[in-house]
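Place chain B on chain A using the hints.
There are 2 protein chains.
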Amino acid sequence: MTRDEDVKAALLIIGNEILSGRTKDANLSYIGERLNTLGIRLAEVRVVADDEVDIVEALNALRARYSYVFTTGGIGPTHDDITAGCIAKAFGLPLIENPQARALLEAHYEPGQLNAARLRMARTPEGAELIENPVSTAPGFRVENVYVMAGVPRIMQAMFESVAPTLVGGKPLLSRTVVCDLPEGRVAEGLARIQSHFPEVQIGSYPSFRAGNYGTNLVLRDTDDERLSAAAAEVFKLVADLGGNPMNDPH
Amino acid sequence: MTRDEDVKAALLIIGNEILSGRTKDANLSYIGERLNTLGIRLAEVRVVADDEVDIVEALNALRARYSYVFTTGGIGPTHDDITAGCIAKAFGLPLIENPQARALLEAHYEPGQLNAARLRMARTPEGAELIENPVSTAPGFRVENVYVMAGVPRIMQAMFESVAPTLVGGKPLLSRTVVCDLPEGRVAEGLARIQSHFPEVQIGSYPSFRAGNYGTNLVLRDTDDERLSAAAAEVFKLVADLGGNPMNDPH
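Keeping their order, the protein sequence lines are chains A and B.
Counting from 1, one number per residue, gives the positions in the first sequence under my numbering.
Counting from 1001, one number per residue, gives the positions in the second sequence under my numbering.
For reference, chain A alone in the conformation it holds in the complex (with noise of 0.2 angstroms):
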């Protein structure tokens, strides 16, 4: 269920190559996890691909709809990288050279190093406040609520942490999980009269398949730990009822 006094972010992942399926994204994952413990909510990702038209679209519509918005992808020096444009483009502001990011790569390259293309990382929205590349030097950049980082997952990985403790959340979501060796219609039916007698808990029901058999890994979420307790052992009481060799995970 959503809950509208959630802080929600939304994720836009920039690349032909996620798309076209041969990387295959690792930031989803990292940044869903992360806001999660700042108690922050991950409402929404889309993944475009490097289309001046389509960036800005969909930037727009994601940066007027949610607190954060973060991107990934497309700030490197080559004539596929137009990320930088894209976001100064969807706030109507000039793209400049950025006198702080250039003093950074000229820091950072030997003499005669640093060329044209490498330059065109030092390019950002006016006004853009840098995030810090600890790994790499080449800065990602914010505007309002978008933080615009590195589509390499080591380094947009550094980039988030550089900025995690600006990010103003709620009460971090809290999680616990029931893991059974029933298939998902076994547990169907007392799970909704559970998650209708805790309507304030996000009760959710995946099945897997682990070693040939099927079963379900049933994760409850909430921000009241007393809440999200009660409501667990009452799914651990309807499992084992059912015969389901319950066990609780800790992830």
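In case anyone wonders, no lab produced these hints; they're calculated from the structure.
Remember, it's a predicted structure, so these values are computed and weren't measured experimentally.
Positions of the beta carbon are idealized from the N, C-alpha and C atoms, including for glycine.
Incorrect hints may appear among the rest.
With the Cβ distance kept under 8 angstroms, some of the chain B side facing chain A (calculated, not the full set) [what the hints assert, rightly or not]: (1) LEU1019; (2) GLY1021; (3) ARG1022; (4) THR1023; (5) LYS1024; (6) GLY1032; (7) ARG1046; (8) VAL1047; (9) VAL1048; (10) ASP1080; (11) ALA1117; (12) ALA1188; (13) GLN1195.
For chain B alone, coordinates are given in the frame of chain A:
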């Protein structure tokens, strides 16, 4: 670059467990790669929560814009499986118990095992065409250009393959990859020049960090094999001239 004669598709991934980071999506890359071979370009992906308003809004946006829309997740027997009802709502169709789907479930389950929860998996919008599920019987379904599939990768893949022969694409998008041990910033300028000579070829540059060394994968895509080979040869020569030890990667 976008090529407007493309046959384009979108993927709508439905599920809190993906957004929370708990479950890593494994369907995007499978669908993206398979669609390429069918001459269909995956142009956009959205991930939304198990929330009716979010699902209906995303589905209506995507089905109006793309030739094909695939959805994954939310068609199981539990209370949080709300996809079928959302698809019906998006199309303004009644949600019915599909007689064909019910017959499949009745044939699959032992007497007494087909409970009310499992019967939820027989619900489709009125007039929907079923998508076969050779793994666990409970079918997916199609309404107009929207293909509704399970989220469990094994089942999703089987459902996708059962509809793949019916999908009508354009020319398959072919690709060549040149791997090199140069950082992107060294190849960027020459690469931009080659891109300008071959505007129809999509040329992408993706950094890699193999064995702690900066490297770059240069990926070229086109429907025209001759043009693609000519562009790839120029990229190979560029890298060789820069001393970048180019290798043609079959992927």
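Hint check:
| no. | hint | in the structure |
| --- | --- | --- |
| 1 | LEU1019 | holds, 5 angstroms |
| 2 | GLY1021 | holds, 3 angstroms |
| 3 | ARG1022 | holds, 7 angstroms |
| 4 | THR1023 | holds, 7 angstroms |
| 5 | LYS1024 | holds, 5 angstroms |
| 6 | GLY1032 | holds, 3 angstroms |
| 7 | ARG1046 | holds, 5 angstroms |
| 8 | VAL1047 | holds, 4 angstroms |
| 9 | VAL1048 | holds, 6 angstroms |
| 10 | ASP1080 | holds, 5 angstroms |
| 11 | ALA1117 | holds, 3 angstroms |
| 12 | ALA1188 | holds, 3 angstroms |
| 13 | GLN1195 | holds, 5 angstroms |
In summary, this structure violates none of the numbered hints.
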